[in-house]
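Enquirer: Chain by chain, the residues:
Number of protein chains: 2
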Amino acid sequence: MALFAERGYAKTTVGDIAARAGLTERTFFNHFSDKREVLFAGSDQFVKQVVDGVRAAPKSQSPLDAVVSAFESMNDFFEERRAFSRKRSALIAAHPELQERELIKMMSVAAAVTEALKERGVSASAASLAAEAGAAILRVGFEQWGQDPQDRSLTFHLRAARRQLESVVGGAKGRTARSRARRVAG
Amino acid sequence: MALFAERGYAKTTVGDIAARAGLTERTFFNHFSDKREVLFAGSDQFVKQVVDGVRAAPKSQSPLDAVVSAFESMNDFFEERRAFSRKRSALIAAHPELQERELIKMMSVAAAVTEALKERGVSASAASLAAEAGAAILRVGFEQWGQDPQDRSLTFHLRAARRQLESVVGGAKGRTARSRARRVAG
Chain E
12 MALFAERGYA KTTVGDIAAR AGLTERTFFN HFSDKREVLF AGSDQFVKQV
62 VDGVRAAPKS QSPLDAVVSA FESMNDFFEE RRAFSRKRSA LIAAHPELQE
112 RELIKMMSVA AAVTEALKER GVSASAASLA AEAGAAILRV GFEQWGQDPQ
162 DRSLTFHLRA ARRQLESVVG GAKGRTARSR ARRVAG
Chain P
12 MALFAERGYA KTTVGDIAAR AGLTERTFFN HFSDKREVLF AGSDQFVKQV
62 VDGVRAAPKS QSPLDAVVSA FESMNDFFEE RRAFSRKRSA LIAAHPELQE
112 RELIKMMSVA AAVTEALKER GVSASAASLA AEAGAAILRV GFEQWGQDPQ
162 DRSLTFHLRA ARRQLESVVG GAKGRTARSR ARRVAG
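Chains as they are written, first to last, in the working numbering: chain E, 12 to 197; chain P, 12 to 197.
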C-alpha cells in the first residue's frame, strides 16, 4: 500500500513489491498469482470465517440473519484496519481491473454462503437469494462504513444497509396492499 | 452454438467459428474481443433495454418495481429463444471462465441500473441495493425459467423470485416483532 501511494498502482511492479518486502519475485509468485492479488490476500480467510459463521448460526435464525450475523462477527477485524481499508477501497474504486477482481471475490463469498445455507436445509433458490441479498448488504454497508465521518462501526452500517434493503424489497407489498384496498374499495 | 455442441466449447477455435460463419478471423475480431464474447453478443442491447425500461417507468413505481418491470419487458424476447437460452446456460454453467464473464456482464447490468435509478432521484445506497436485489431476482428467475418442465414464462419466474426474495429479506421483521413481543410479554 505504501508503494502504491508513492508510485501509483499502475507504475508499481511486482519487482518493486518483492524488493520492498525483502523477497525474490519467485517467492512473491509462490504466494500471489499477480500484482492485483496482494490487495485480496485475506479474502480466502474472510470467506472461511463467513462460512464458519453461517454454519455455527443457531438453527432458529433465518438464512439472511445467519449471513448478516456472520458478517457482523468480522466487525472487530475490520475496525482495527479501518485506515487501511479506506486506502484499499479508494484504490479499487479507481481501477476497473481491481473492481473486476473484487467482484469475482465477492461472488466467491456469495457462492460459498449459498452452499453453507443449503447445508442448513435451505432450498437452492432461497439460499442463492439470501446469499446475494447478504452480498448487497455487505457491499453497501462496507462502503458506508468506509466513508462514515462519524466512524460508526461496521455492524452499525451492516444493520442500516439491511433495514434499507428491507425497505427497498418490501416496497411493493405496501403498494400491492394499497392497490388491492383500492380495488376492494372501488 | 452448433460448433460448441459438435466439438465441445474448449476445442472450438475462433478460426472454426469464423469459417462456419463465412467470415475471416479478422472480421470476427472486429466484432468480438475473444471466443467467450460470442455467447454475450446481446448483452449491451440487453443492458440498454433494461436501462430504457427503468427510465420509462412511471415515477410512482418503487425502484425495485421499476427494475423488475424492465426485466419483464424482455419476456417475449427470451420466450422466443428458450431452447437457445437453455443450451447457453448449460454451457456457461460448465465453464468457470464463462461464469466469470457472465458475472461481469451481470455486474454491468447492476451498475447501469444503479445509475438509471439515481437519475430518478433514488439515493446512491438505495439505488445500489435495488439494482443488486433486481440482479438477484433476474439470476434466480432466469435459472428457474430455464429449468421449468412446465415452460412457464420468464415473467412468472421473475415474480416468483421476487416474492421469494421478499420472504428471505423480510424474515427478520417477523422475528424482531416476535422477540419484541416476547420482551414486552416478559
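Mixed in with the good hints there might be a few duds.
Note that identical chains are pooled: a pair holds if it fits in a single copy or bridges any two copies.
Unchecked claim - Only pairs whose alpha carbons sit at most 27 Å apart, straight line, appear in this in silico DSS-like list of lysine-lysine:
1. K22 x K70
2. K59 x K70
3. K98 x K22
4. K129 x K46
5. K129 x K22
6. K98 x K129
7. K46 x K70
8. K70 x K98
Quick caveat, the hints were computed from the structure, so don't treat them as lab data.
Enquirer: Does each hint hold? Answer for all of them.
Expert: Here is what the structure says about each hint:
1. K22 x K70: neither (50 Å within a copy, 46 Å between copies)
2. K59 x K70: Within. Shortest intra-copy distance 19 Å satisfies the 27 Å Cα cut-off; inter-copy 43 Å does not.
3. K98 x K22: Classified as within: same-chain Cα gap 17 Å, cross-chain 43 Å, threshold 27 Å.
4. K129 x K46: Neither. Shortest intra-copy (35 Å) and inter-copy (34 Å) distances fail the 27 Å Cα cut-off.
5. K129 x K22: neither (44 Å within a copy, 34 Å between copies)
6. K98 x K129: For K98 and K129, the Cα distance is within 27 Å only across copies (26 Å; inside one copy 36 Å).
7. K46 x K70: neither (41 Å within a copy, 45 Å between copies)
8. K70 x K98: neither (38 Å within a copy, 38 Å between copies)
Going through the hint list in order, the structure does not satisfy hints 1, 4, 5, 7 and 8.
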